[in-house]
Structures are given as structure tokens and as C-alpha cells.
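Asks: Residue-level listing of the chains:
2 protein chains.
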Amino acid sequence: MRNRYCVIMAGGVGSRFWPVSRNSMPKQFLDITGSGKTFLRETFDRFAKILPAENIFVVTGRIYADIVNRQLPELKDENILLEPYGRNTAPCIAYALYKLLAKDPEATMAVAPSDHWIKDEDLFLKDIQAAFDHAEHNPSLVTLGIKPTRPETNYGYIQVSSSSQNKYKGGAMPVKTFTEKPDLEMAEIFVKSGEFYWNSGIFVWKLSTIREELEKYMPELAAQFDGWRDALWTDGEDDFIEKAYGDCPKISIDYAVMEKTDKAWLIPAEFGWSDLGTWESLYRCASDVDDRGNVSRVEDCLVSDTEGSLVLSTEKDKLVVIKGLKDFIVVNTDDVLMVCPRDEAAVKQVVTDLSMSDFNRYK
Amino acid sequence: MRNRYCVIMAGGVGSRFWPVSRNSMPKQFLDITGSGKTFLRETFDRFAKILPAENIFVVTGRIYADIVNRQLPELKDENILLEPYGRNTAPCIAYALYKLLAKDPEATMAVAPSDHWIKDEDLFLKDIQAAFDHAEHNPSLVTLGIKPTRPETNYGYIQVSSSSQNKYKGGAMPVKTFTEKPDLEMAEIFVKSGEFYWNSGIFVWKLSTIREELEKYMPELAAQFDGWRDALWTDGEDDFIEKAYGDCPKISIDYAVMEKTDKAWLIPAEFGWSDLGTWESLYRCASDVDDRGNVSRVEDCLVSDTEGSLVLSTEKDKLVVIKGLKDFIVVNTDDVLMVCPRDEAAVKQVVTDLSMSDFNRYK
Numbered sequence: 001m002r003n004r005y006c007v008i009m010a011g012g013v014g015s016r017f018w019p020v021s022r023n024s025m026p027k028q029f030l031d032i033t034g035s036g037k038t039f040l041r042e043t044f045d046r047f048a049k050i051l052p053a054e055n056i057f058v059v060t061g062r063i064y065a066d067i068v069n070r071q072l073p074e075l076k077d078e079n080i081l082l083e084p085y086g087r088n089t090a091p092c093i094a095y096a097l098y099k100l101l102a103k104d105p106e107a108t109m110a111v112a113p114s115d116h117w118i119k120d121e122d123l124f125l126k127d128i129q130a131a132f133d134h135a136e137h138n139p140s141l142v143t144l145g146i147k148p149t150r151p152e153t154n155y156g157y158i159q160v161s162s163s164s165q166n167k168y169k170g171g172a173m174p175v176k177t178f179t180e181k182p183d184l185e186m187a188e189i190f191v192k193s194g195e196f197y198w199n200s201g202i203f204v205w206k207l208s209t210i211r212e213e214l215e216k217y218m219p220e221l222a223a224q225f226d227g228w229r230d231a232l233w234t235d236g237e238d239d240f241i242e243k244a245y246g247d248c249p250k251i252s253i254d255y256a257v258m259e260k261t262d263k264a265w266l267i268p269a270e271f272g273w274s275d276l277g278t279w280e281s282l283y284r285c286a287s288d289v290d291d292r293g294n295v296s297r298v299e300d301c302l303v304s305d306t307e308g309s310l311v312l313s314t315e316k317d318k319l320v321v322i323k324g325l326k327d328f329i330v331v332n333t334d335d336v337l338m339v340c341p342r343d344e345a346a347v348k349q350v351v352t353d354l355s356m357s358d359f360n361r362y363k
Numbered sequence: 001m002r003n004r005y006c007v008i009m010a011g012g013v014g015s016r017f018w019p020v021s022r023n024s025m026p027k028q029f030l031d032i033t034g035s036g037k038t039f040l041r042e043t044f045d046r047f048a049k050i051l052p053a054e055n056i057f058v059v060t061g062r063i064y065a066d067i068v069n070r071q072l073p074e075l076k077d078e079n080i081l082l083e084p085y086g087r088n089t090a091p092c093i094a095y096a097l098y099k100l101l102a103k104d105p106e107a108t109m110a111v112a113p114s115d116h117w118i119k120d121e122d123l124f125l126k127d128i129q130a131a132f133d134h135a136e137h138n139p140s141l142v143t144l145g146i147k148p149t150r151p152e153t154n155y156g157y158i159q160v161s162s163s164s165q166n167k168y169k170g171g172a173m174p175v176k177t178f179t180e181k182p183d184l185e186m187a188e189i190f191v192k193s194g195e196f197y198w199n200s201g202i203f204v205w206k207l208s209t210i211r212e213e214l215e216k217y218m219p220e221l222a223a224q225f226d227g228w229r230d231a232l233w234t235d236g237e238d239d240f241i242e243k244a245y246g247d248c249p250k251i252s253i254d255y256a257v258m259e260k261t262d263k264a265w266l267i268p269a270e271f272g273w274s275d276l277g278t279w280e281s282l283y284r285c286a287s288d289v290d291d292r293g294n295v296s297r298v299e300d301c302l303v304s305d306t307e308g309s310l311v312l313s314t315e316k317d318k319l320v321v322i323k324g325l326k327d328f329i330v331v332n333t334d335d336v337l338m339v340c341p342r343d344e345a346a347v348k349q350v351v352t353d354l355s356m357s358d359f360n361r362y363k
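Order-wise, the sequence lines are chains A and B.
First residue of the first sequence? That's 1 in UniProt numbering, and the numbers climb one at a time after it.
First residue of the second sequence? That's 1 in UniProt numbering, and the numbers climb one at a time after it.
Please note that the accuracy of each hint is not assured.
Copies of the same chain look alike in the list, so a pair counts if it works inside one copy or between any two.
Straight-line alpha carbon distances no greater than 27 Å define the calculated BS3-like cross-link-like pairs of lysine-lysine that follow [stated by the list, open to error]:
1) Lys-323 <-> Lys-126
2) Lys-326 <-> Lys-348
3) Lys-103 <-> Lys-49
Think of the hints as simulated: they come from the structure by calculation, not from any bench.
Given the structure is predicted, the values throughout are model-derived calculations rather than measurements.
Starting from the given sequences, assemble the full structure and let the hints guide the process.
Replies: Laid out in C-alpha cells, this is it:
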């Protein structure tokens, strides 16, 4: 296991859980699910069960360095990679890749977002181990594909051929295509076909394999980092990264490599997964739904004549009284109260309205 | 004018504007209407236009003494009458009556609740002056009766005979009956008849007249205060009042005297009045309704797809975002958030539920 590493990507700035998440405190640093741990902490603890802590790295924005330090105090500074700007996942992975190459060129690395919900941790770890095994024995870029349970239009999909499903029987299968988020009609076809899996954004590969593919499909990006790798692990690292990122395109690893490579493999996974990208998805994943379909994350709460609603308050010592709502979200924080229909379009509209209003400071 | 006094009754403990009003801070001490002044301050200022400040007295609960001092700093301590317990209006009026008798037996006094909304102050003062005039020249208990604009079931009504309406033409008319709150059917008959007025709870009378009627209809109460009146205006006043109130029944002046006396007169009033007993009534009296029927009393507020709703927040530096509500009340304070249909029964139910819940401390 010494050669196995994990890179947790924690650079997101999304305002999808606004008003609980903010630009200054994005989702990965919050305990949105009420588990008692932040997403980042959950993700770290999950990998720490199969990897030594010193093999776990976190990539995040410079402005979040303090938060990561606070939430993962056991993590050494050298294990926290600070991006000067967000440039999507390809530059983030390139940074981690060249940093690890300089330390342990024979290594295998898992890359995982820091803000996803995983229901069955044991199943997850089993799949991750299988992915490590596969990546170590094959020149492959392995991804965990989630067996879809509904025609979700907020996720990317990965296709394998149906013949390979028979051939590989639950093990890793060669990927046919990576696809972007489909419309509903297409999503229904995807799910019905049985050939499509949700793209979890979790990858496992040997450093040598991903490096090769990056050099092939993103030669400039690879050269940028490779040319300066002597600066990594030195005092000059931050300056170098600042320059490298300045020239980087904003591009995802999916688009930069996975859609193009012929080395993509998929391990089908059924551990229960959501990227928790919306309040609606949080509501759907909640295990504490009462018999009227309400989820209440408030200590002092009186709910009546209400159904299908999510009520959440992060303000201390506050009584929340709710009556007569149907399919609503009520979110109360220290400085924002939002009462809004639960459907995704409505919540999205609220955040859009906010951005264009005089109250942009609350974002 | 030297002989004219006003007694402002500010002892109410109502939780009708819960969660803004509390047991520790009832409605009369709040600026519920957003006028910039509390009800008590409004009431005081109104009477101060026609009476010298030293002729204005406030009766309130002992626990509210500090609040009254703070809100009416110009009021001398001797002008604040402190009740040890709430005993409804008859004992409150008896206390004020015997206190004034000891000071100025020839006086005329107005009695007014401290927590009513009055739209046209000039008309109100004109009617009060007329009531003073009438009470000074006749042995009458004068009340201001509000010309009803709808069959309200939350108010008591006062009946005059239709013949007296012709006879007295807008001046004071002898009262036929005082009635309790009617049901809707009865209220509709009342309004249609043209003989009924809303009971505003505002009275004007000479001390000698009300004393006589009190002695006649509440002899024990009168004797209780009369026997100990030497203690008034002395250091022994509080002790005496404590004892007197201990023996007092809880009884309104309407029930104790007005329904029985033959000296009741009514001055018809149309200055725009509400006892503001419910959030619904506040909504109805609001002058700042937007074109979708919303009233918003929040500094930072984003309201969309919402109609007929009242949104109010007393918490500082908080953005309130409301979407998709119809005929709702959203009230946010430092320690309570309430989202509830606007109708009176729903709000009442919330407060009842609260009383019986583990969260009674928020009352």
C-alpha cells in the first residue's frame, strides 16, 4: 500500500447549497448532511481507512488553506496543494501528478472529489481497492461508474458496451464513451439501455499511465508542469504554480483526457452515491424523512400541516415554526433566510436573482 | 384643560403578535406597524397634543416598569401605576380612578388602551375632545364607537337605537346595549342594521360619575380601593395595591359597569381604527402593500412569485429571500422564525401548539 496515494480535490467554489454554502465557505467544508462531519473530513476519513494519512493529499484554493488546516489538522502542510485560481480538474490533477512523480514515480493515485455523498463506505472501499488493483496491473485509467437509478440530467454518463458487461462480469470494463449531461429524453434512453453509468468523477491510475495520456492529449499542459518540476517540493513551488496556473486553460480531466483516451476502464459501483449538487438531491438522499416526507435539520422545530419539505437552520438557539408548506425548502443561517419551493429550477432562480440584485454580498 | 387626564392602559401580556411580541415584551411596547414609534409612545404622543404630560398616567404591570421608563423617559414615576398582577380593566381603572380622586376630585379622565392603531389622529383628537365636553356637562360614561366597515367577529359591539342616530346627528348618543364578540352571522346582522359600533375600549368620564357607577355595580371593588385611598400617593401605595389586587376579580370594565349602567353614551367615530389583535389585522391596516398584495418589513429582502403575504424580520443584517408563497406570514426575530398561512386560525393554532410544546420558553 506504500505506493498508493489519494488526491482529494477540494477547490470547488459552488453556491449550490446557498445560503448555507458561500463563496467563502463552499460545500466541501460544510456538514450539509448533518452527519457531524464536513464533506472534506468524511472523504479524508474514508481514504484513511485504506491509506496511510501521509499518502493523502488535498488540492484546494489558496483562500481555503486555513479551512483545510482547521478541518484536517493532522495533514502536513506539504500534503496540501494550493491552487492560486480554480482551473477545473485537469490542471489540478496535473499539479498533483507531477508533485507525486517527484516523490514516488512508481505510485498509483486515486483522485476523488471532496464533496460527494457516499452511502455504503465498505462497498466504496472495496471498489476503490479493485480500481487500485486494476490500475496497477494494467495501463488503464480506471473510473468508478455508478449504476444509475433514475434518468438524472445533472450528471455526465459513461458508456460501456453491453457485450463487455457479460464478458467482465462486475469487474472493470473498457469504456466506450464519456458523455456530457444529457437532456431528459436522452437520459431515459441511457438508463434503459443498461450500458450507461453515472460519472462519479473518481479516478484511479498509475502516475506513469496518466502522465503518458496527459502528454499525448494535453502536451502543453504536461510540458508546463514537467519543465518546472524541480521547483516542486521547494520554496519556489508556489511561484511556479502561480505561473503555471496563469497559463492553464480551464478544462476538466474528462474533456482533456478521458473522452479521448483508449485506456479508460470502468468499475461498476453500487455503493449509493450522489454529488449532492442541489438541495433537492440532499432531500432525496436524506435518511431522516418523517412520515409526511419532511426532513428537519433544526434543533428546536415545530412543524405542522407540512409535507415534502426540507427545513434546515444553522442559527443557534432559534425556534423554527413551520405551518402549511408543501414541497418547500426553508433554510435559515445567521445572515440569510430562504423560503422557496423545493424544485431545482426555483432554487437556481433565487441564486441567479441574488447575483443580479443589490444583495450580492450575501453570496 | 387642567382638569382633564388620560389613563393609558399598558398592562397587556398578549402573545398575539408572537413571535415579535413576547410575555416579556408585549405588543404595546413594540413598533409593530413600522411607524418608528412603539404603540405606547404613539398613544402617549397623541394625548400629549391635547393634555399636559403631567396629566397623562400609564398603568402597567410591575415587570414592565423599566420598559415604560425607557419608552417614556419624560413621565414621572408617580404617573406610572404599577399593577402587581393583571386583573383585566375594571381593577386597573379603579386604581387610576382613586389615585386621581385623591389628587383632583373634579377631574375628567379618558381611558385608552395603549396598543391600538389609529389612522387619522386629528379626527381622533376631535372625537376625544367631544367626549371630554360631553362627560363634563353630563353625568355620562362616554365611549368612542367605531363605525364598522366589515362584520368583524373579533370585536365587541355597542348598539344605539336608530332613532337616536337621527336625533343626535353625529353627537353623543345614549347606548342601548354592550355586546360580546358575535359570531359571523350575528356580526353581519349588526353591521347591516346600522345600529352597531365597534367597541374601541376608549372611555371618557368624570371621576365622580364613574365612581358612582362603580360603587353601584362593583361595590366591593369600590370599597376595597376607597377604604385604603389614604395610602395612595404615599410609600405604602405598592403594599396597598398588592393587597387590593390580591382580592380583585379578573373583570373587564365593560362587563362590570358598561353593560349595566344607564349612563353610557357613544360618540360615533370614523378615524380609522383597529385593535391590531392579529397579524391578519396588521396586514389589513398596512399602507405599504405592493401591487401583488405583499407587505414587506425587511430591509434586505428578495421576494418573487409571492402574493398576499406579510414578511417581517426584526433580526439585523439578515437577507430574507421568499419565493412561491401565497397568503403567508413570515416573521423572523432573533430567536424565532415562523412561516405560517396568514389566516387567523392558523396563527392562533401555532401559538397554542407552542404553549403545549417543549418550546414554551419561546413564548
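Asks: Which numbered hints does this structure break?
Replies: Violated: hint 1 alone.
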